[in-house]
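These protein sequence lines are chains A and B, in that order. Just so you know, we're using full-length UniProt numbering here: the first sequence kicks off at 1 and counts up by one. Just so you know, we're using full-length UniProt numbering here: the second sequence kicks off at 1 and counts up by one.
Simulated from the structure, these hints should not be mistaken for lab results. One should not assume that every hint holds.
[As the list claims (entries may be wrong)] In silico DSS-like cross-links for lysine-lysine, where the CA-CA straight-line distance does not exceed 25 Å:
| # | chain 1 | residue 1 | chain 2 | residue 2 |
| --- | --- | --- | --- | --- |
| 1 | B | K249 | B | K416 |
| 2 | B | K201 | B | K189 |
| 3 | B | K381 | B | K360 |
| 4 | B | K479 | B | K416 |
| 5 | B | K360 | B | K416 |
| 6 | B | K360 | A | K213 |
| 7 | B | K201 | B | K220 |
| 8 | A | K239 | B | K360 |
| 9 | B | K393 | A | K213 |
[Unchecked claim] Here are some chain B residues the structure puts well away from chain A; computed CB gaps all over 10 Å:
| # | residue |
| --- | --- |
| 10 | P4 |
| 11 | R29 |
| 12 | H105 |
| 13 | T108 |
| 14 | I130 |
| 15 | S174 |
| 16 | K189 |
| 17 | A190 |
| 18 | R278 |
| 19 | T310 |
| 20 | R473 |
| 21 | A487 |
| 22 | G494 |
Glycine included, every Cβ here is placed at the ideal spot set by N, Cα and C.
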Amino acid sequence: MNMDTPVPPVDRYIVLDAPPRRLRDVLLRWEVILVILLVATIVVNTIVSPYFLDVFNLADATFNFSEKAIIALAMALLILVREIDLSVAAIVALAAMGIGYAAEAGFGPVGLFATGIGIGLLCGAFNGMLVTWFSLPSIVVTIGTMSLFRGITQVILGDQAKTKYPQEFLDLGQSYFIKMKETGISWLFVPPVPLSFLIFLVLAVLFGLVLHKTAVGRQLFAIGSNPVAARFSGIPVDKLRFLLFVVSGMLSGLAGALLTARLGSMRSNIGVGWELDIVTMVILGGVSIAGGVGSILGVVLAVLVLGLVTFGMSLNNIPGQVVSVYIGALLIAVIAIPRILDKVRVRPIR
Amino acid sequence: MSQPILTLSGLSKSFPGVRALHDVSLSLRPGSVTAILGENGAGKSTIVKVLTGIYRPSDGEIRVRGELKSFSSPRDAWAAGIAAIHQETVMFDELSVAENIFMGHMPTGPARFVDWSEMHARAAALLKRIDAAIPPEFKLKRLSVAQKHLVEIARALSHEAQVVIMDEPTAALSANEIDDLFRIVAQLKAEGRAVLFISHKFDEIFRIADDFVCLRDGEKVGEGAIASVTEPQLVRMMVGRPVDQVFPKRDVAIGDVVLSVAGLSNATEYADVSFDLRKGEILGLYGLVGAGRTEAMQGLFGITPKTRGTVTLEGRRLSIGAPSDAITAGISYVPEDRQEQGAIVSLGIRENVTLANLSKYIRGLFLSRTSEQAETRRLGKRLAVKAANWEQKLAELSGGNQQKVVIAKWLATRPKVIVLDEPTKGIDVGSKAAVHDFIGELASEGLAVVLITSELPEVMGLADRVLVMKEGRVVDAFKRGQWSAEAIVGAATGAAKEAA
Ligand SMILES: Nc1ncnc2c1ncn2[C@@H]1O[C@H](COP(=O)(O)OP(=O)(O)OP(=O)(O)O)[C@@H](O)[C@H]1O
Ligand SMILES: [Mg+2]
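This is chain A alone, in the form it adopts within the complex (with noise of 0.2 Å):
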């Protein structure tokens, strides 16, 4: 049959399973500059205040920025495909009201927290459908969306409070998950863990592995580059955002089942203004908004070094105001810095 079967190209290049390892490159990556600013964050607080390093006040500082950072994980997967879901505040309170009620009929912690979640994917399907099925654009649905459910909790709540929970509830949301345990040995210990940050983790850890290990990961970096050849490619592009908008109203509600027991009361401005906080987290995480590029563990190291901040600010009785203009300055030094990098690195004057 194939008599003169033709040779094919000779092997002219070599072409490399992987590139070279430069220090350069490594030292560029964003995880890394997050480190550094980490570690600047953890030694310049120690060296201010004896009362940062103490497992105690740490543990605390966490019940301030976990349940914003368990809504910051589902942020992540939605900017990196080109989305954003501004309703999630919303969410945590029309979730909150649920729970309130759903504890004056005599719910359990479990049926409570089944509330907040059921509440978050019914939000999260409603944001998702209309993304998907009538192809609006989510920040215009999600500001639509952040008025109608905060709306609709303020027109049932008027300024009413909800202030009776169980106290089993009550308990998980304000003492600590998993309990100091000394061995005798005085760096080894078994710190103490509230429920939300043991939880953000836990997620964080699952997140990580789902984006950065699984074909769906992959996929969700392939639509948040290039959505068209993305469909093309066989990839479910309507499917998984609509996924990730139940996702994100589903962790929105279950934030709103830690809040609500941590505070042991709600009322409908709970949670106002969370919604920029988490973007925040996303951002500084290292997440583009244009899309295709980011890291679960980028989004960690920033939910830590602005709760870090946000603590050590605060032990040191500086005012909030200062706290936000730090962490504006912050986000933007963070976000420029590679950027003159580059320019500087790519533009060499000959």
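Could you slot chain B with the ligands onto chain A? The hints should help.
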């Protein structure tokens, strides 16, 4: 000989791990067309990008009419009288044709507001000059790939540049549009401008160029008057060894019907497309640009909804609602628009190659990098992809090499039926032969192929059978051995009406 308009001397450009250009010198004379030849990745587009201020050279100088220049943006290059049609077009889909043409240099009236009527009038005049029947106020996203290319040409002309650079301008054009383009080039030449022309098609180069410059691996390996060389000499210069440009068609035993398509239609673009495709068969789909071939095949693949028609694969009726259904069933489609639909340029080669059937690389719960790498290496080598490493981002590859990666992605799905839409667009002679040979080999292993191409030699060299489409319908069919170039083209243009 007149004084050159543009001279490059000692030009070098390096990227991490790649020497894209090394010590290249060339000069362009007014009223002449200079062709740059070279394999994929030889450095042709890099020269264009250096000349238009997109890349800063590592070394060397650019002189325009003897004056030393350094460009840090396309704007500087325009100011020096250099305009380019790039291989990968950068245009604005949501803006009008006129806005795209005059982006960055819109005509302004008093108070520096854009003078819209002036802009539309000038855009219309430019489009008329190249015989493109495109209304200037249309949004760009309404246009086909070929029409976008014409807009790109109009944009280059709008600068009234003394040096016009065309990086593979004909890749997306059909024969008639190419004739139009060459008329424009002749006109530019007559006006005393210098044209730099890049193409992988030798017939075009011999038809239009006066001089040539040949690159290999970033170095200049030859130059001179085009009249003084022959095609085999040029090929040898490019590749460094003689190349069989045409492999003999393999003798493949054609098996049973795998795919049968009946009455495929949608509302506007194609109607009643029916054919049977057999195991090992290569079916050519020929037609003019806009004949509905791409649209029909995208309907088959589930990209766009079809209104009517059935698709049967190996006796099983398929209901394809999305590309994933088609891929699962064993049908692949290599899209024509590499930049938009094929390549994900911010991902690496490996991530692109494995994207369309990731489930194959899952071990346990997670993707296995080693098995991804193995497949990437296998296909990348077979298709002669030139890259520094398999993790390199597609954005850093030359156009032809990106195209090879896209083909590799679809072959990695190990399909039963593959639809190739202009698969060798932008691929150099040697690699084209390698791709053709690979297609032939896969057919001999039982793959059924639908080949959409506007290149007659390609379809006649590879196909067992050719269907000709015109205005959305299949108008004629030819069998290997019973066709002639005239008959196929005649059917596509509607010149030969008596064939019934
Ligand atoms: N931004 C970049 N980063 C790294 N390498 C690059 C970059 N741009 C181009 N290269 C490399 O430079 C070489 C020359 O590329 P170039 O685009 O000039 O090739 P070409 O001759 O135009 O090929 P083709 O015929 O495929 O269009 C290639 O090996 C390519 O991988
Ligand atoms: Mg090129």
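Status of each hint after checking the structure:
1. Between the alpha carbons of K249(B) and K416(B) the distance comes to roughly 20 Å, so the proposed pair stays at or under 25 Å and holds.
2. The hinted pair formed by K201(B) and K189(B) meets the criterion: a straight-line CA distance of about 20 Å does not exceed 25 Å.
3. Under the criterion of a C-alpha separation no larger than 25 Å, the hint pairing K381(B) with K360(B) is consistent with the structure, at around 20 Å.
4. Only pairs whose Cα atoms come within 25 Å are accepted, and K479(B) paired with K416(B) is accepted, the gap being roughly 22 Å.
5. Straight-line distance between C-alpha atoms of K360(B) and K416(B) comes to about 16 Å, which keeps the hinted pair within the 25 Å bound.
6. Simply put, K360(B) and K213(A) have alpha-carbon atoms about 14 Å apart, close enough for the 25 Å limit, and the pair holds.
7. Pair hint K201(B) plus K220(B) holds up; C-alpha atoms about 19 Å apart against a cutoff of 25 Å.
8. The hinted pair formed by K239(A) and K360(B) meets the criterion: a straight-line CA distance of about 21 Å does not exceed 25 Å.
9. The hinted pair formed by K393(B) and K213(A) meets the criterion: a straight-line CA distance of about 19 Å does not exceed 25 Å.
10. At roughly 23 Å, the least C-beta separation between P4(B) and chain A is larger than 10 Å, which holds for a residue marked as non-interface.
11. Against the 10 Å criterion, R29(B) stays outside the reach of chain A, whose nearest CB is about 28 Å from its own CB.
12. Separation of H105(B) from chain A is adequate, the least Cβ-Cβ distance of about 24 Å exceeding the 10 Å criterion.
13. Every Cβ of chain A is farther than 10 Å from the Cβ of T108(B); the closest lies at roughly 30 Å, confirming the non-interface assignment.
14. No Cβ of chain A approaches the Cβ of I130(B) within 10 Å, the least distance being about 28 Å, so the stated non-interface status holds.
15. Taking the minimum C-beta to C-beta distance to chain A, about 23 Å, the non-interface status of S174(B) holds against the 10 Å cut.
16. The Cβ of K189(B) lies farther than 10 Å from every Cβ of chain A, with a closest approach of about 34 Å, so its non-interface assignment holds.
17. The Cβ of A190(B) lies farther than 10 Å from every Cβ of chain A, with a closest approach of about 38 Å, so its non-interface assignment holds.
18. Non-interface call for R278(B) relative to chain A: holds, since the shortest CB-CB distance, roughly 18 Å, exceeds 10 Å.
19. Annotated as non-interface, T310(B) keeps its C-beta farther than 10 Å from every C-beta of chain A; the closest such distance is 21 Å.
20. The beta carbon of R473(B) sits about 25 Å from the closest Cβ of chain A, which is more than 10 Å, so the claim that it is off the interface holds.
21. With a least beta-carbon separation of about 29 Å from chain A, A487(B) lies farther than 10 Å from that chain, consistent with its non-interface assignment.
22. Once the 10 Å rule is applied to beta carbons, G494(B) is consistent with being away from chain A; the minimum gap is 31 Å.
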